[in-house]
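Enquirer: Here is what each chain is made of, one letter per residue.
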Amino acid sequence: MISVLACQTAAEADAQLTERSRILGGGTLLMRDVNYGDQSFDRILRVTDPALRQIDLQGSRISIGAGVRMAQILALSELDFLHPVASKIGGPAIRAMATVGGNLFAEHPYGDFATALLALDAQVTWADGRSEALEALLTQRRRGGMVAAVSITKPAPGEFRYLKVTRTKPKGVSVMCIAALLRREGGRLGDVRVAYGAMGPTPLRAKAVEAALKGATLDASGIAPALARASDGITPPEDALASSWYRKEVLPVHLSRLLLSGGTY
Amino acid sequence: MAKTPVTFTLNGASKSVFVEQGGNLLDELRRNVGDLSPKYGCGQGTCGACTVIVDGQPQLSCLTLSETIDGCDVQTTSGLANGPDLHPLQQAFMEGFAAQCGYCTAGMLMAAKVLLDRNPSPSREEVAEAISGNLCRCTGYEPIIDAILSAASGNLRRSS
Amino acid sequence: MAWHKGRGFACINYPIGMNLGGDPSQALVHSTPDGKFMVSLSSIDLGQGMKSVTRQIAAEALGVPVADVYVDTADSDTGPHCMGSFASRGTHRVGNAVIRAAAEARKQMMDVAAEELEVNANDLDTDGQGSIHVKGAPSRKISVAETAIAAQFKHGKTLSGRGIFLIPPSDVDDETGEMTPVTTYTHAALIVELSVDDETGEVEVHEINSAYEVGRALNPKLVEQQLVGGAWMGVSHALYETTEPYYPDRRHGPVDFNTYLMPGAAEVVPHNIAVLERPAEDAPFGGKGPGEMCANPVLPAIANGIYQAVGVRIDTLPITPEKVLRGLQAQGGAQPKRR
Amino acid sequence: MSSVEFRKDLFADERDDTLKEIGKPTIRQDILGHVTGRTPFYDDHAFEGLLHMRCVRSPHHHANIRRVDASAAERMEGVVRVVMPSDVPVNLNTLLHLIGFGKDDEPLLADKKATYIGEPVCAVIATSERIAREACDALKVDWEVLPHVLDVEEALKPDAPSVNPAYPNNTFDYGRFDHQKLRFGDVQEGFVQSDVIVEHMYQMSPIEQAPMETCGAIAAPETNDRIVCYTATQAMFFSLGNTAKVMNMPSSRLHFVGGTVGGGFGGKVDSIVDMMAVLGAKLTGRAVKFQWDRAEEMQVGAPRGAERWYIKDGLSKDGRILARQFTGFFDGGAYTRLSSYAVQKCVGHLPGPYTIPNVAANVYLVYTNRTPATAMRGFGVTGVDFALECHMDKDAEAVGMDPIEFRILNAYRDGDMKAHRREAKNTALVECCQVAAQKAGWSLSPAMMGESSKLGSTPERAAIPETAIDQEGLIGARRQGEIPTAPAVRSTGTRPAGQRTDARVAVAPQVADMQIDPDRVGHQTKVAPTAPMSAPSTTPAPMAAVASAPSIPATPSPQPAFAPATSSPPPVTPAATESARETPFQRGVNRPGLSPFLSGRRRR
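Residue numbers (our numbering), protein chains in the order written: chain A, 1 to 265; chain B, 1001 to 1160; chain C, 2001 to 2339; chain D, 3001 to 3604.
I should point out that these hints are in silico values taken from the structure, not numbers from a laboratory.
Nothing here was measured: the structure is a model prediction, and the numbers come from that model.
Note that the Cβ used here is the ideal one computed from N, Cα and C, for glycine as well.
Heads up, a few of these hints could be off.
DSS-like mimics (lysine-lysine), calculated; alpha carbons at most 30 Å apart, straight line [unchecked claim]:
1. K2141(C) / K3394(D)
2. K2005(C) / K3394(D)
3. K3394(D) / K2337(C)
4. K3157(D) / K3112(D)
5. K3008(D) / K2135(C)
6. K2323(C) / K248(A)
Residues from chain C that keep clear of chain B, each with C-beta distances beyond 12 Å, as calculated [said to hold, decoys possible]:
7. D2075
8. A2114
9. G2130
10. S2131
11. K2135
12. S2195
13. K2221
14. G2229
15. R2251
16. H2252
17. E2267
18. K2323
Okay, chain A solo, but in the shape it has when bound (with noise of 0.2 Å):
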């Protein structure tokens, strides 16, 4: 039988979550776990702290606490570039409830956002205080604590481009998304961030890809070698939407789509 404890703060939740434990985000991934009777956990932390649901755009970074919601997200221009990921995960009533927090620990092929998080280098602070970068967390997939909120920087206008590639339209999950953060310097492209979603078995990022795009002029000659190591130390996963193969066949096809466009598609 599944219990439900009810925390008034994400420090709570902290401390009494346990091997049998789950922490309650929107519920989209974890409610669908409880009625199909997964037997690997039998406790459910519900954190009430309204404060996980508040963003702050006041400092440098752009705070978003681990329960805020897509809609959230959709609603906040100052948010506009993130509106393109948030828009086209599951339909309204999935991103109502669906938490940025949650979607950090989705299993493939969930997790478009945290790809694009990934992509704008975001800060992840636990609830005990601790902070890391979201790639740490993703590299370890540890579930042995809350998170409380992510930052990210917020990119200049045009630095930030998302594709999702879905079988089905407007909603559908990921075939793969690719999220690119495009510094320029000069006429030229400086740090380049590049993550892929539904490409393995986390958001994973494209160094290759940076690597060859750092000081490229973003046209079709000049991204030509990013195309080529496009899927580099990848090696996508097969389910019912996509072969490995076919992923890997159109990764550079995507991502010199997602380079190519003018900004957002």
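Please build the complex by placing chains B, C and D on the supplied structure of chain A, with the hints as guidance.
Expert: Frame of chain A, contents of chains B, C and D only:
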């Protein structure tokens, strides 16, 4: 097993119930409260048949932990008509042959109501987006989209 | 990137009301004391409109307004035997059973009306609006309600009818396959316009133009529901759906609607339909069931359209982007075919 | 935006369009319930103390069940009953036994071995769905994994694992053979006469019916020692009959209620859920719900099975199909369900709506270690039509013809003989081709636009040819050594030209009063009763004289010149003012005085 007291508003009426721990709102509404309009289609949040409106937002009742609705305003299709007067969406679905088996209809109406409450004159694309989480296996969606647009435009026959 | 346009054609026929099993359907009709009619069936309405179409059939056969008929389906205590709603047998078998039950009830109604009006029953007709009148003398009439009340409270008669429709089972010859599978067929021809992305193998369907022959459109809006929804299912079957994406390998079978794919609300394909009506001799009012056949021509038409667009023949369903891309790569890129 | 037009100009001479209710766009009887959320589906019936039943399922394609340990599950709080195969009164059934078709081949709960992933081996009835799930997880089955076969052609090899004990050769029995044959004329001779041969293979993967309402049923003890079952079945007496057999109960002790179903598409004919719920109610004496979750619906619920087709056509240079040969495999999965029927339906459908003088087909129902297949919209035909019409496209290309004109050239016409030895009538393929082409702006030659379904048959096309037959593929022979699956190359005999039996027709109404007056049906009828009729009313009423077929204008035009197309009419609400108030919203309101019995009309 301990139960948790929850108070919420359902279609304008106050409800106080004791909910099962780990139970979802769909079961709560259907089995305990007796509102049968939201339907079970998947228990996964992938079909939309159980869509209800919680505090003005569309929500999948099968993925909603019951106790999280404490203090919330919940609307379902049971409360959509005003007594014998159908809501324009209901009228439009009826006249537009926008249902066949009818199993998705209640959830579809909830998704559509949220849209029209926020955006009284949506485009065809906005309607498609609004119902994108609600699957229909019978109609091919077009009659449903047409009905929602027709309800929005007020272009109903208002027959009988 | 290049999207290539193509157009594909297919045409089909479809057997209506299989009788390899010899399964019959029955119907009961009876009037309420005030001349409304209840149709009792054990047949199933699973969205196709069984209740609605049998209601119209009963009203027409009785000669009363459809508003005065109500259909109750599927209580095994009250509805007489019906094998079920499958194999496009609903309209054909149940519709015919309802006609027979309604005909018998009508006969009784006309006999009572004749006694009340003191005329011969053969000289009476219904106006379809709730009255029975003498042919050629519309003012000499009695309402169906008055007739029913007179029948029950004055004459001690019921206005009720029984109906059954059976085509006995057909043997199938094991050497030649000789059989009588059905007595009638629907027909359809359909043209799909689509585009293929030669870099990703993705297919986008733009428009369908079709002609469906349905015997008679017993209710044109119900027919439209079936044809529009059914063609959508055809697109879905052609390009998306399977429980075994790597058949005959069993891996990666979808268990939810995120992985079991069907086209979404933003992928509605404009579909221009022409309905043809060539009544079938043993079908109720000539109407054949349109519900099952409507998806069938869409699947091959899409495959044929893809061939015209890029020169790739995909002979296995579903036609996934992967299959198209593999075909494109095998032939060294798109090779559009022009008619 | 889609559009619908009604081509009333076509076949107008065969119809009377002045019927009063038929042909009207009357609003659906059930729609008000749908839009108000009040339509009662099976799950919308409340029972105090409802129990939930769930199955323990095989994780293996094929495995012997050595032992089931239910002790931990039985001890769990909330578990009311663990249901074992021995609890099923008649634990071997085939759904089509009701029409005498096939051997009992499927247990409700597998007792000796499981033959597909997901096959139920036992069940738990508990006070909540969650507890039932937990108990199912706690049930331990000791498995002995067996070799399995998943490919239809592999399954026909002599050394293939045997899937279904009732059909140890992995094929269903059709008379003396392990496949259903279709023979018409002599395909081998037809190929010899042909200028062009076109040969290809086609395949369809399984498809899920995917109704929005999953399969399910609630059964509960009713008064008088009966059991009531609220069910999502799409075949009421089919479910009732199968349940009565499996439960070894008189059907009169079962009360099935349904008829309002959240989509079926063929997936709700199998009646497994009804049997399970009734079994649960019988064993516990309480209300029991058995409902598939979506994952079960998709992977355990029987899909439209996979099909594989080999088609070989012989064509003349001028585009006539002279010979068509099929080899088809229906992947039935582990048990027969309804697939045996689909094979024959499919064979009756071959070679499609075309007149071809030489046709041969071998069609197999093959058992493999996958989820049993069953009916789905277009059962037995959707997959073969995909293969056929893809092949027709290749044929047209091979002979250099326009694909639509190629179809019209070969289309069947009224009076032609079909391969299953019945006359084609009431055909309309040619007109459908012409109208679809017009709508899409696809131009056809004037000659093709002038063709008609009513014209073009000849004595030759109407005749049954001398037919080559063979005895290849006797039941069991394939286990002894490989035999080609395609129709035999060498015949062992012939059926004489013209030989056939009588066609089946509808049984006439049992009393004359049940015969509707033929002038009220709106079209020509030729009532050909098998039993003599006492009523004199069967003479067809004179119809408008049948003129020669209206030819379709050769130039595409959205509005035919000679008769306006009717666009989709506005819906009609079937309610006069008085009836309009009889909506469900008022049903609960007492309105004394409205009844005719209370207003002085009732004479008592």
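Enquirer: Taking each numbered hint in turn, which are not upheld by the structure, reported in ascending numerical order?
Expert: 1, 13, 14, 17
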